[in-house]
Amino acid sequence: AQSVTQPDIHITVSEGASLELRCNYSYGATPYLFWYVQSPGQGLQLLLKYFSGDTLVQGIKGFEAEFKRSQSSFNLRKPSVHWSDAAEYFCAVGAGGATNKLIFGTGTLLAVQP
Amino acid sequence: EAGVTQSPTHLIKTRGQQATLRCSPISGHTSVYWYQQALGLGLQFLLWYDEGEERNRGNFPPRFSGRQFPNYSSELNVNALELEDSALYLCASSPQGVISGELFFGEGSRLTVL
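Sequence order for the protein chains is A and B.
The numbering of the first sequence is my numbering, which starts it at 20 and goes up by one.
The numbering of the second sequence is my numbering, which starts it at 34 and goes up by one.
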């Protein structure tokens, strides 16, 4: 069965520091992979997505993610974190075909220290 | 262009009552998804509707049901409410489901069961 694991429930970084959020997935075929961000009291906004091609994907707000098939990972990175990046981040895998849904990880809550 | 809209924003019910949540997708989107976001559990897939038909449902009891109307708006009904149904219910829409790309999320309806 498809699944997504985000091993870090909560991460705190200093403003200006680099960030990496981990995501591992389990999926039999080539996955569609997504990172979403949820600010307090808001819905989810798409940061970036991977369908095929270049394994390094650029997204909005300066985020990028790298698809590594051998490690079943799709980690999210940002070289310099801003205070406004404090939010909850969700990794998701798209299960196509008849199921056609997104399966989400449990999320990583990011806190940014001044 | 209007995004996905959900109503009500907040809803308070008591155990045993019924709750109805509503969702209007982005104009032109035919697929509507419902997710439950309970504290600490991430997003759990509830239902997927497309072209007025229920296409898939997650691992939830039958007291969770819904429908999609001819204008593609959707309604989620939760009968015989239990305390653990307290959660943020997120609706998302897409043109054709996850294969076509991202899901666009509303800001959610927060259901509190007392």
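Simulated from the structure, these hints should not be mistaken for lab results.
If you're wondering where the values come from, they're calculated on a predicted model, not measured in any experiment.
Beta carbons are placed, not taken as given, at the ideal position from N, Cα and C, and that holds for glycine.
A portion of the hints provided could be inaccurate.
Here are a few chain A residues that sit away from chain B, every Cβ distance over 10 Å (derived from the structure) [what the hints assert, rightly or not]:
1) Thr49
2) Val100
3) Gly124
Taking beta-carbon pairs under 10 Å as the criterion, some of the chain B residues facing chain A (in silico) [stated by the list, open to error]:
4) Ala35
5) Ser40
6) Pro41
7) Tyr68
8) Gln77
9) Trp81
10) Glu87
11) Arg88
12) Leu116
13) Glu117
14) Leu136
15) Gly141
16) Thr145
Exercise for review: May I ask you to test the interface hint for B:Glu87 with respect to chain A, counting a Cβ-Cβ separation under 10 Å as satisfied?
Suggested key: Since chain A brings no Cβ nearer than about 12 Å to B:Glu87, farther than 10 Å, the hint is violated.
Exercise for review: Evaluate the condition: distance from the CB of A:Val100 to the nearest CB of chain B exceeds 10 Å.
Suggested key: holds, 22 Å
Practice item. Closer than 10 Å between Cβ atoms is the bar; does B:Ala35 clear it against chain A? Give me holds or violated. Key: This hint is violated: B:Ala35 lies away from chain A, its Cβ roughly 13 Å from the closest one there, beyond 10 Å.
Check your understanding: Does the nearest C-beta of chain A fall within a distance shorter than 10 Å of the C-beta of B:Ser40?
Key -> For B:Ser40, the interface hint is violated, since the closest Cβ of chain A sits about 13 Å away, which is over 10 Å.
Point to revise | Hinted contact B:Trp81 with chain A - closest CB pair below 10 Å | key: Since chain A brings a Cβ to about 6 Å from B:Trp81, closer than 10 Å, the hint holds.
**Study point:** Hint check: 10 Å Cβ-Cβ cutoff, B:Pro41 to chain A
**Key:** Since chain A brings no Cβ nearer than about 15 Å to B:Pro41, farther than 10 Å, the hint is violated.
**Study point:** Evaluation of the interface hint that places B:Thr145 against chain A, nearest CB under 10 Å
**Key:** Hint violated; B:Thr145 Cβ to chain A Cβ min 15 Å, cut 10 Å.
**Study point:** Nearest-CB test (10 Å) between chain B and A:Gly124
**Key:** violated, 6 Å
Point to revise | Interface restraint verdict for B:Leu116 against chain A (beta-carbon cut-off 10 Å) | key: violated, 21 Å
**Study point:** Hint validity - B:Leu136 Cβ closer than 10 Å to any chain A Cβ
**Key:** Check passed: Cβ of B:Leu136 comes within 6 Å of chain A, closer than 10 Å.
**Study point:** Interface hint for B:Tyr68, Cβ within 10 Å of any Cβ on chain A
**Key:** holds, 8 Å
Point to revise | Interface hint status, B:Arg88 versus chain A (Cβ within 10 Å) | key: At about 7 Å, which falls below the 10 Å cut-off, the nearest Cβ of chain A leaves the hint on B:Arg88 intact, so it holds.
In summary, the numbered hints that this structure violates are 3, 4, 5, 6, 10, 12, 13 and 16.
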